[in-house]
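Required output: the full structure, derived from the provided sequences and hints.
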Amino acid sequence: MPLLYVTDLAYPARGRRYCDEDIFLTSRLRAAGFELALCHPADAQALAPLGFDAVVVRNSGPVLHYQQAYDSFRAAALAAGTRVYNPLTGRADMAGKQYLLDLTAAGYPVIPTVDDPARLSELPQVPSYAVKPKQGADSIGLTFTANPEGPAGEVLIQPRIDFTYEVSFYFVDDAFQYALYAPDPARRWELVPYEPTAADLDFASAFVEWNTLGHGIQRVDACRAPSGELLLVELEDLNPYLSLDLLPPEVQDAFVTALTRSLHSFLGSTTA
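Using the numbering used here, the letters of the sequence shown correspond one by one to residues 1 to 272.
There may be inaccurate statements among the hints.
[As the list claims (entries may be wrong)] Computed spacing ranges between beta-carbons, pair by pair: (1) Ala118 to Leu50: 29 to 37 Å; (2) Arg16 to Leu36: 20 to 28 Å; (3) Asn147 to Asp253: 44 to 52 Å; (4) Ala206 to Leu64: 33 to 41 Å; (5) Ala46 to Tyr165: 40 to 48 Å; (6) Gly81 to Trp210: 22 to 30 Å.
No wet-lab data here; the hints were simulated from the structure. In this text the structure is predicted, and so the values were computed from the model without any measurement. Glycine included, each C-beta is placed from N, C-alpha and C at the ideal position.
The structure is reproduced here in C-alpha coordinates:
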(Lines of atoms letter the chains of each structure in order from A; the text may use other names.)
(Lines give C-alpha, C1' and ligand atoms only; values in the text may rest on other atoms or scores of the structure.)
Protein backbone atom coordinates (compact mmCIF):
# COMPACT_ATOMS: atom_id res chain seq x y z
CA MET A 1 0.00 0.00 0.00
CA PRO A 2 1.95 3.06 -1.21
CA LEU A 3 1.40 6.22 0.84
CA LEU A 4 2.49 9.79 0.18
CA TYR A 5 3.52 11.08 3.61
CA VAL A 6 3.41 14.88 3.86
CA THR A 7 5.82 16.49 6.33
CA ASP A 8 8.05 19.53 6.64
CA LEU A 9 11.16 17.96 8.11
CA ALA A 10 12.89 21.33 8.43
CA TYR A 11 10.08 23.20 10.22
CA PRO A 12 11.58 25.00 13.27
CA ALA A 13 8.94 24.17 15.88
CA ARG A 14 9.39 25.55 19.37
CA GLY A 15 10.23 22.94 21.97
CA ARG A 16 9.91 19.88 19.72
CA ARG A 17 11.42 18.33 16.60
CA TYR A 18 8.89 17.44 13.91
CA CYS A 19 11.48 15.56 11.88
CA ASP A 20 12.31 13.07 14.64
CA GLU A 21 8.66 12.17 15.10
CA ASP A 22 8.08 11.61 11.39
CA ILE A 23 11.27 9.60 10.98
CA PHE A 24 10.03 7.37 13.80
CA LEU A 25 6.48 7.05 12.47
CA THR A 26 7.47 6.36 8.88
CA SER A 27 9.96 3.70 9.98
CA ARG A 28 7.24 1.97 11.99
CA LEU A 29 4.67 2.22 9.21
CA ARG A 30 7.20 0.82 6.73
CA ALA A 31 7.85 -2.07 9.11
CA ALA A 32 4.08 -2.64 9.21
CA GLY A 33 4.04 -3.18 5.45
CA PHE A 34 3.31 0.26 3.99
CA GLU A 35 5.38 1.69 1.15
CA LEU A 36 6.14 5.35 1.80
CA ALA A 37 7.40 8.43 0.00
CA LEU A 38 7.92 11.63 1.99
CA CYS A 39 7.30 15.08 0.55
CA HIS A 40 7.06 18.71 1.59
CA PRO A 41 3.48 20.10 1.79
CA ALA A 42 4.19 22.43 -1.14
CA ASP A 43 4.83 19.37 -3.35
CA ALA A 44 1.81 17.32 -2.30
CA GLN A 45 -0.50 18.38 -5.13
CA ALA A 46 2.03 17.52 -7.83
CA LEU A 47 2.93 14.14 -6.34
CA ALA A 48 -0.47 12.91 -5.11
CA PRO A 49 -1.66 11.61 -8.52
CA LEU A 50 1.42 9.39 -8.97
CA GLY A 51 -0.09 6.08 -7.92
CA PHE A 52 -0.43 6.45 -4.16
CA ASP A 53 -3.31 4.82 -2.30
CA ALA A 54 -3.59 7.80 0.04
CA VAL A 55 -1.95 11.04 1.13
CA VAL A 56 -1.11 11.07 4.85
CA VAL A 57 -0.74 14.61 6.20
CA ARG A 58 1.40 14.66 9.32
CA ASN A 59 3.79 17.31 10.68
CA SER A 60 3.42 19.76 7.81
CA GLY A 61 3.55 22.97 9.89
CA PRO A 62 1.06 25.86 10.03
CA VAL A 63 -0.87 26.08 6.75
CA LEU A 64 -0.62 29.87 6.71
CA HIS A 65 3.05 29.47 5.73
CA TYR A 66 1.97 27.83 2.44
CA GLN A 67 -1.70 28.79 2.28
CA GLN A 68 -1.99 29.03 -1.50
CA ALA A 69 -0.34 25.64 -2.04
CA TYR A 70 -2.54 24.03 0.61
CA ASP A 71 -5.76 25.53 -0.77
CA SER A 72 -4.81 24.31 -4.24
CA PHE A 73 -3.94 20.82 -2.96
CA ARG A 74 -7.19 20.60 -1.00
CA ALA A 75 -9.31 21.67 -4.00
CA ALA A 76 -7.52 19.24 -6.33
CA ALA A 77 -7.81 16.35 -3.84
CA LEU A 78 -11.53 16.93 -3.37
CA ALA A 79 -12.11 17.19 -7.11
CA ALA A 80 -10.15 14.00 -7.85
CA GLY A 81 -11.49 12.00 -4.91
CA THR A 82 -7.98 11.57 -3.53
CA ARG A 83 -7.91 9.79 -0.21
CA VAL A 84 -6.38 12.14 2.35
CA TYR A 85 -5.69 11.15 5.97
CA ASN A 86 -6.94 12.92 7.97
CA PRO A 87 -9.99 13.15 5.69
CA LEU A 88 -10.74 16.68 4.49
CA THR A 89 -14.16 16.70 6.17
CA GLY A 90 -12.85 17.86 9.56
CA ARG A 91 -14.85 20.65 11.21
CA ALA A 92 -12.15 21.93 13.57
CA ASP A 93 -8.72 23.48 12.89
CA MET A 94 -8.70 21.95 9.43
CA ALA A 95 -11.52 24.31 8.50
CA GLY A 96 -10.22 27.37 10.41
CA LYS A 97 -11.16 28.75 13.81
CA GLN A 98 -14.90 29.20 13.26
CA TYR A 99 -15.49 26.09 15.34
CA LEU A 100 -14.50 27.97 18.50
CA LEU A 101 -17.37 30.39 17.86
CA ASP A 102 -19.77 27.58 16.98
CA LEU A 103 -18.90 25.59 20.10
CA THR A 104 -19.24 28.71 22.26
CA ALA A 105 -22.70 29.36 20.81
CA ALA A 106 -23.69 25.71 21.32
CA GLY A 107 -22.74 25.81 25.01
CA TYR A 108 -19.78 23.41 24.88
CA PRO A 109 -17.08 23.71 27.59
CA VAL A 110 -14.74 25.89 25.53
CA ILE A 111 -12.91 29.11 26.31
CA PRO A 112 -15.64 31.66 25.38
CA THR A 113 -14.85 33.21 22.02
CA VAL A 114 -16.14 36.09 19.89
CA ASP A 115 -14.81 37.53 16.63
CA ASP A 116 -15.90 41.15 16.99
CA PRO A 117 -14.75 43.69 19.61
CA ALA A 118 -18.33 45.02 19.63
CA ARG A 119 -19.42 41.71 21.20
CA LEU A 120 -17.03 41.95 24.13
CA SER A 121 -19.96 42.12 26.57
CA GLU A 122 -20.76 38.50 25.68
CA LEU A 123 -17.52 37.38 27.33
CA PRO A 124 -16.70 37.23 31.04
CA GLN A 125 -15.36 40.58 32.23
CA VAL A 126 -11.63 40.14 32.93
CA PRO A 127 -8.58 42.44 33.21
CA SER A 128 -7.02 41.11 30.01
CA TYR A 129 -8.14 39.41 26.81
CA ALA A 130 -6.31 37.22 24.31
CA VAL A 131 -6.57 38.49 20.74
CA LYS A 132 -5.26 36.61 17.71
CA PRO A 133 -5.91 36.46 13.96
CA LYS A 134 -8.84 34.26 13.02
CA GLN A 135 -6.71 32.67 10.30
CA GLY A 136 -3.68 32.31 12.57
CA ALA A 137 -1.94 29.25 13.96
CA ASP A 138 0.76 28.27 16.43
CA SER A 139 0.17 31.44 18.54
CA ILE A 140 1.28 33.62 15.60
CA GLY A 141 -0.02 37.16 16.15
CA LEU A 142 -1.27 36.45 19.68
CA THR A 143 -1.49 39.51 21.94
CA PHE A 144 -2.95 40.26 25.37
CA THR A 145 -4.78 43.52 26.00
CA ALA A 146 -7.42 45.10 28.21
CA ASN A 147 -9.02 46.75 25.16
CA PRO A 148 -9.38 44.29 22.27
CA GLU A 149 -9.38 45.76 18.80
CA GLY A 150 -9.46 44.46 15.25
CA PRO A 151 -11.72 44.10 12.23
CA ALA A 152 -14.97 42.23 12.91
CA GLY A 153 -14.75 38.68 11.63
CA GLU A 154 -10.96 38.70 11.36
CA VAL A 155 -9.89 38.31 14.99
CA LEU A 156 -10.64 35.93 17.82
CA ILE A 157 -11.14 37.40 21.29
CA GLN A 158 -11.12 35.30 24.45
CA PRO A 159 -10.83 36.09 28.15
CA ARG A 160 -7.33 35.50 29.44
CA ILE A 161 -7.60 32.63 31.90
CA ASP A 162 -5.11 31.96 34.69
CA PHE A 163 -5.36 28.22 34.19
CA THR A 164 -3.71 25.65 36.42
CA TYR A 165 -2.25 23.62 33.54
CA GLU A 166 -2.81 22.59 29.94
CA VAL A 167 -3.52 19.00 28.97
CA SER A 168 -3.79 17.25 25.60
CA PHE A 169 -5.77 14.11 24.78
CA TYR A 170 -4.74 12.10 21.72
CA PHE A 171 -7.16 9.99 19.68
CA VAL A 172 -6.96 7.68 16.68
CA ASP A 173 -10.39 7.57 15.05
CA ASP A 174 -12.69 7.78 18.10
CA ALA A 175 -10.41 5.76 20.40
CA PHE A 176 -8.44 7.50 23.15
CA GLN A 177 -4.73 6.66 23.10
CA TYR A 178 -2.91 8.71 25.76
CA ALA A 179 -2.77 12.13 27.44
CA LEU A 180 0.07 14.52 28.22
CA TYR A 181 0.11 17.70 30.24
CA ALA A 182 2.32 20.66 31.09
CA PRO A 183 2.44 21.08 34.89
CA ASP A 184 4.01 24.54 34.45
CA PRO A 185 1.80 26.83 32.32
CA ALA A 186 4.86 28.89 31.39
CA ARG A 187 6.50 25.84 29.79
CA ARG A 188 3.86 24.65 27.33
CA TRP A 189 5.98 21.97 25.65
CA GLU A 190 7.54 20.43 28.75
CA LEU A 191 5.01 17.62 28.81
CA VAL A 192 4.68 14.57 31.02
CA PRO A 193 2.18 11.70 30.97
CA TYR A 194 -1.24 12.46 32.41
CA GLU A 195 -3.70 9.93 33.80
CA PRO A 196 -7.17 11.17 32.81
CA THR A 197 -10.25 10.66 34.93
CA ALA A 198 -13.49 9.32 33.49
CA ALA A 199 -14.81 12.90 33.45
CA ASP A 200 -11.72 14.05 31.55
CA LEU A 201 -12.28 11.40 28.89
CA ASP A 202 -15.95 12.27 28.60
CA PHE A 203 -14.92 15.89 28.05
CA ALA A 204 -12.39 15.06 25.32
CA SER A 205 -14.54 12.43 23.62
CA ALA A 206 -17.42 14.89 23.26
CA PHE A 207 -15.33 17.04 20.92
CA VAL A 208 -14.09 14.07 18.89
CA GLU A 209 -17.71 12.98 18.50
CA TRP A 210 -18.73 16.52 17.50
CA ASN A 211 -16.10 16.52 14.75
CA THR A 212 -17.59 13.39 13.09
CA LEU A 213 -14.31 12.22 11.49
CA GLY A 214 -14.63 8.51 10.79
CA HIS A 215 -10.85 8.10 10.60
CA GLY A 216 -7.83 10.13 11.60
CA ILE A 217 -5.64 11.46 14.38
CA GLN A 218 -7.01 14.20 16.62
CA ARG A 219 -5.59 16.11 19.56
CA VAL A 220 -7.93 17.77 22.05
CA ASP A 221 -6.09 20.60 23.83
CA ALA A 222 -7.64 21.88 27.05
CA CYS A 223 -6.83 23.95 30.10
CA ARG A 224 -7.83 23.40 33.73
CA ALA A 225 -9.68 26.56 34.75
CA PRO A 226 -9.41 28.03 38.27
CA SER A 227 -12.88 26.60 38.95
CA GLY A 228 -11.52 23.10 38.29
CA GLU A 229 -13.33 22.45 35.00
CA LEU A 230 -11.64 21.69 31.70
CA LEU A 231 -12.12 24.15 28.84
CA LEU A 232 -11.26 23.46 25.21
CA VAL A 233 -8.33 25.46 23.85
CA GLU A 234 -8.03 23.82 20.45
CA LEU A 235 -9.27 20.82 18.50
CA GLU A 236 -6.45 19.90 16.14
CA ASP A 237 -7.62 17.68 13.29
CA LEU A 238 -5.24 18.57 10.46
CA ASN A 239 -1.67 17.74 11.52
CA PRO A 240 -1.42 17.47 15.30
CA TYR A 241 2.05 16.98 16.72
CA LEU A 242 1.98 13.85 18.88
CA SER A 243 4.98 14.14 21.25
CA LEU A 244 5.61 10.43 20.75
CA ASP A 245 9.16 10.73 22.07
CA LEU A 246 7.76 11.44 25.55
CA LEU A 247 5.86 8.16 25.75
CA PRO A 248 6.97 4.82 27.17
CA PRO A 249 7.74 2.22 24.47
CA GLU A 250 4.56 0.24 25.17
CA VAL A 251 2.39 3.34 24.63
CA GLN A 252 4.27 4.16 21.43
CA ASP A 253 3.65 0.61 20.23
CA ALA A 254 -0.05 0.82 21.07
CA PHE A 255 -0.35 4.09 19.15
CA VAL A 256 1.39 2.69 16.07
CA THR A 257 -0.88 -0.37 16.20
CA ALA A 258 -3.97 1.85 16.39
CA LEU A 259 -2.73 4.04 13.53
CA THR A 260 -1.92 1.02 11.37
CA ARG A 261 -5.38 -0.42 12.00
CA SER A 262 -6.98 2.94 11.22
CA LEU A 263 -5.10 3.31 7.94
CA HIS A 264 -6.05 -0.18 6.81
CA SER A 265 -9.68 0.53 7.65
CA PHE A 266 -9.53 3.90 5.88
CA LEU A 267 -8.00 2.42 2.75
CA GLY A 268 -10.56 -0.36 2.75
CA SER A 269 -13.55 1.95 3.11
CA THR A 270 -15.70 2.79 0.11
CA THR A 271 -15.48 6.56 0.68
CA ALA A 272 -12.56 8.76 1.64
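Hint says 44 to 52 Å; check whether the CB-CB distance for asparagine 147 and aspartate 253 agrees. holds, 51 Å
Is the distance from the Cβ of alanine 46 to the Cβ of tyrosine 165 consistent with 40 to 48 Å? holds, 43 Å
Between the beta carbons of glycine 81 and tryptophan 210, is the distance compatible with 22 to 30 Å? holds, 26 Å
If I claimed the Cβ atoms of alanine 206 and leucine 64 lie 33 to 41 Å apart, would that claim hold in this structure? This hint is violated: roughly 28 Å between Cβ atoms.
Would you say the C-beta atoms of alanine 118 and leucine 50 sit inside 29 to 37 Å of each other? violated, 50 Å
Outcome of range test on Cβ distance (arginine 16, leucine 36; 20 to 28 Å): holds, 22 Å
Going through the hint list in order, the structure does not satisfy hints 1 and 4.
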